[in-house]
Amino acid sequence: MLNITEKILARASGKPKVSPGDVIFVNVDKVMVHDVSGPGVIAVFEKLKKGGMKIDRLWDPDKVWVAEDHFVPAADKISAQNIVLLTNFTKQFGIKKHFKYGMGQYGICHTLSHEEAMVSPGEVYVGGDSHTNTTGALGAFAAGLGHTDVAYVMLNGKIWFKVPETLYFKLNGKLPDYVMAKDFILKIIGDIGTDGAAYKTMQFGGTGISEMSVEERLTLTNMTTEAGAKNGIIEPDQQIRDYLAARGASKYNEVHGDADARYEKVYEYEASELEPIVAKPFSPENIVVARELSSTELDKAYIGSCTGAKLEDLRAVAKILKGRTVKIRTEVLPAAMSIFRKAMDEGLLKIFMDAGVVVGPPTCGACCGAHMGVLAKDEVCISTTNRNFPGRMGHVESKTYLASPLVTAASAVTGKITDPRDLK
Amino acid sequence: MKGSVIKYDKDDIDTDVILPGPYLKIHDYGELAKHAMEGLDKDFHKRVKPGDFIVAGRNFGCGSSREHAPIALSYSGIKAVLALSFARIFYRNAVDGAFLLPIEIEENAYKDISDSDFLEIDISKNEIKNLTKNKTYKMKPFPELVGKIISAGGLFNYKP
Numbered sequence: 001m002l003n004i005t006e007k008i009l010a011r012a013s014g015k016p017k018v019s020p021g022d023v024i025f026v027n028v029d030k031v032m033v034h035d036v037s038g039p040g041v042i043a044v045f046e047k048l049k050k051g052g053m054k055i056d057r058l059w060d061p062d063k064v065w066v067a068e069d070h071f072v073p074a075a076d077k078i079s080a081q082n083i084v085l086l087t088n089f090t091k092q093f094g095i096k097k098h099f100k101y102g103m104g105q106y107g108i109c110h111t112l113s114h115e116e117a118m119v120s121p122g123e124v125y126v127g128g129d130s131h132t133n134t135t136g137a138l139g140a141f142a143a144g145l146g147h148t149d150v151a152y153v154m155l156n157g158k159i160w161f162k163v164p165e166t167l168y169f170k171l172n173g174k175l176p177d178y179v180m181a182k183d184f185i186l187k188i189i190g191d192i193g194t195d196g197a198a199y200k201t202m203q204f205g206g207t208g209i210s211e212m213s214v215e216e217r218l219t220l221t222n223m224t225t226e227a228g229a230k231n232g233i234i235e236p237d238q239q240i241r242d243y244l245a246a247r248g249a250s251k252y253n254e255v256h257g258d259a260d261a262r263y264e265k266v267y268e269y270e271a272s273e274l275e276p277i278v279a280k281p282f283s284p285e286n287i288v289v290a291r292e293l294s295s296t297e298l299d300k301a302y303i304g305s306c307t308g309a310k311l312e313d314l315r316a317v318a319k320i321l322k323g324r325t326v327k328i329r330t331e332v333l334p335a336a337m338s339i340f341r342k343a344m345d346e347g348l349l350k351i352f353m354d355a356g357v358v359v360g361p362p363t364c365g366a367c368c369g370a371h372m373g374v375l376a377k378d379e380v381c382i383s384t385t386n387r388n389f390p391g392r393m394g395h396v397e398s399k400t401y402l403a404s405p406l407v408t409a410a411s412a413v414t415g416k417i418t419d420p421r422d423l424k
Numbered sequence: 425m426k427g428s429v430i431k432y433d434k435d436d437i438d439t440d441v442i443l444p445g446p447y448l449k450i451h452d453y454g455e456l457a458k459h460a461m462e463g464l465d466k467d468f469h470k471r472v473k474p475g476d477f478i479v480a481g482r483n484f485g486c487g488s489s490r491e492h493a494p495i496a497l498s499y500s501g502i503k504a505v506l507a508l509s510f511a512r513i514f515y516r517n518a519v520d521g522a523f524l525l526p527i528e529i530e531e532n533a534y535k536d537i538s539d540s541d542f543l544e545i546d547i548s549k550n551e552i553k554n555l556t557k558n559k560t561y562k563m564k565p566f567p568e569l570v571g572k573i574i575s576a577g578g579l580f581n582y583k584p
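Chains Y and R are the protein sequences, given in the same order.
My numbering numbers the first residue of the first sequence as 1 and each following residue consecutively.
My numbering numbers the first residue of the second sequence as 425 and each following residue consecutively.
Hints are computed from structural coordinates only; laboratory data are not their basis.
Careful: at least some of the hints might be erroneous.
Straight-line Cα separation of at most 16 Å, EDC-like style, residue types lysine to aspartate or glutamate; simulated pairs [claimed, not checked]:
#, chain 1, residue 1, chain 2, residue 2
1, R, Lys426, R, Glu544
2, Y, Lys17, Y, Asp258
3, Y, Lys162, R, Glu568
4, Y, Lys47, R, Asp452
5, Y, Lys77, R, Asp452
6, Y, Lys251, Y, Glu116
7, Y, Lys342, Y, Asp60
8, R, Lys553, R, Asp539
9, R, Lys434, R, Asp452
10, Y, Lys416, Y, Asp258
11, Y, Lys96, Y, Glu46
12, R, Lys466, Y, Glu397
Let the sequences and hints guide you as you build the complete structure.
See below:
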């Protein structure tokens, strides 16, 4: 009667079963840091060393991997120094998997987690970033942690968790044309609120999920973070096996929930009833159907981030932009170099550039308001990203509307928030 | 533990306002403190005193996993945040890094406590005394493991 999350946590803690509410130490299979959480972990190590702890090796450097994504290309002297710090760290501790900006494959950590098959079904994966939840779409337990916890994992290979209750979201039927996973997850967050799944698991299933592509599933699990969830998860199926096999991973121990698995609550959605949705400032739960905002004027459209710049997101944008030009400042930043290359090979980049769009390197930069195109006071942006808190993408009095790649692209064409079904 | 209250009558105070994104590259704890709460309250830095408490509504610390958020508050002098509820990563960062105490309070306490009230918190009794208003409120007890990690002084000092 255990669900997939409980089974993974039971296995990782060496117990025959666990129940929601149990506090357990679990063995971790993979741990990730990037150029923000990595230097954060290094600072924790320094503090520990000052306190007398000897730190000359990690628990298992082969289970640690590193991404450079938040402040690349280096935004200034401090961020450049952080990359040096990170590079010295991986050298010192013998970490082999370090995806470096400007050296072949690199990109946003969550995108690399699946593009590079860094995590397998059934594993416990933790990362120094809240959107670590993304990777749960592969059938792993994936959760975000802070610097102290990640430092603890790097030295001890384990960490404590409270076994979460699970909310099950069942999608009946295939999403209609012009409706994407982003619309579905925004609808869910609107329904349950930004703390509607706090400390809990959000699991997705049903025929709509079986028919949904792997990349679209990743959009769902990515934004479980915005509902406060500990992790998002989907049972692995043949699509996942094929996806991972294409990326060189075929040996792993899948975990599946029992047929009589228990869920705290089941929510059912009919795919045919879903529509393009937009989350207004300043919260991902602040949703309306896109058509209600058709008079909202925009300054910028942003297509980027772990949740909104995967290959299929770029294809959706290209479908809209083909033969059209943008009316507002528009940027496309593929989430990883492998996706950038595929977009080039498929001719998507030409479509973007013909439309007048700037195409840039993978980075978290503008999504978190750090650099690479932040918003000015009173500027209004529509974005494929995952958060729109005050100041998230720039000035604290700028505004961000969250939407699917299709809605964002259609809005780029008209300069106002636009339902792609209404685009002439 | 005694201190005065800085109150934000607000739910969903997220990590983007507690410590805005552009400062994520900073790992000097004292430097981070200068930017604490900058996205919500520009005067926080001038106002906060060592030992102060923040009082806020639901889902405090939602958003990113940045440990910079509890660090910036802690190094500003904040000893505890009293809120109706906490986002999970902020909560565990505060506890595991021993930066501040995340204390869950009930609706009556949240409504009753005013800005600048002087409180005395006794976690051994799960009790909060409002010395300004001469009232006492219950705090939600820490879960067992969390209580042990707090007593140990953070996760690295805790022996399972």
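Hint check:
Distance restraint check for Lys426/R and Glu544/R: the Cα-Cα separation of roughly 4 Å lies within the 16 Å cut-off, and the hinted pair is therefore satisfied. As the CA atoms of Lys17/Y and Asp258/Y are separated by approximately 12 Å, the hinted pair is consistent with the 16 Å bound. A hinted pair counts as satisfied when its Cα atoms are at most 16 Å apart, and Lys162/Y with Glu568/R qualifies at roughly 11 Å. For the proposed pair Lys47/Y and Asp452/R, the alpha carbon gap of about 11 Å is at most 16 Å, so the pair holds.
Using a Cα cut-off of 16 Å, the hinted pair Lys77/Y and Asp452/R holds, with the two alpha carbons roughly 15 Å apart. Between Lys251/Y and Glu116/Y, the direct Cα distance comes to roughly 14 Å. Compliance with the 16 Å bound is thereby established for this hinted pair. Note on Lys342/Y and Asp60/Y: the hinted pairing is violated, with a Cα-Cα distance of about 33 Å set against a maximum of 16 Å. For the proposed pair Lys553/R and Asp539/R, the alpha carbon gap of about 15 Å is at most 16 Å, so the pair holds.
A hinted pair counts as satisfied when its Cα atoms are at most 16 Å apart, and Lys434/R with Asp452/R does not qualify at roughly 29 Å. Proposed proximity of Lys416/Y and Asp258/Y is contradicted: the alpha carbons are some 48 Å apart, above 16 Å. Straight-line distance between C-alpha atoms of Lys96/Y and Glu46/Y comes to about 22 Å, which puts the hinted pair past the 16 Å bound. The hinted pair formed by Lys466/R and Glu397/Y meets the criterion: a straight-line CA distance of about 13 Å does not exceed 16 Å.
Hint violations for this structure: numbers 7, 9, 10, 11, all remaining hints satisfied.
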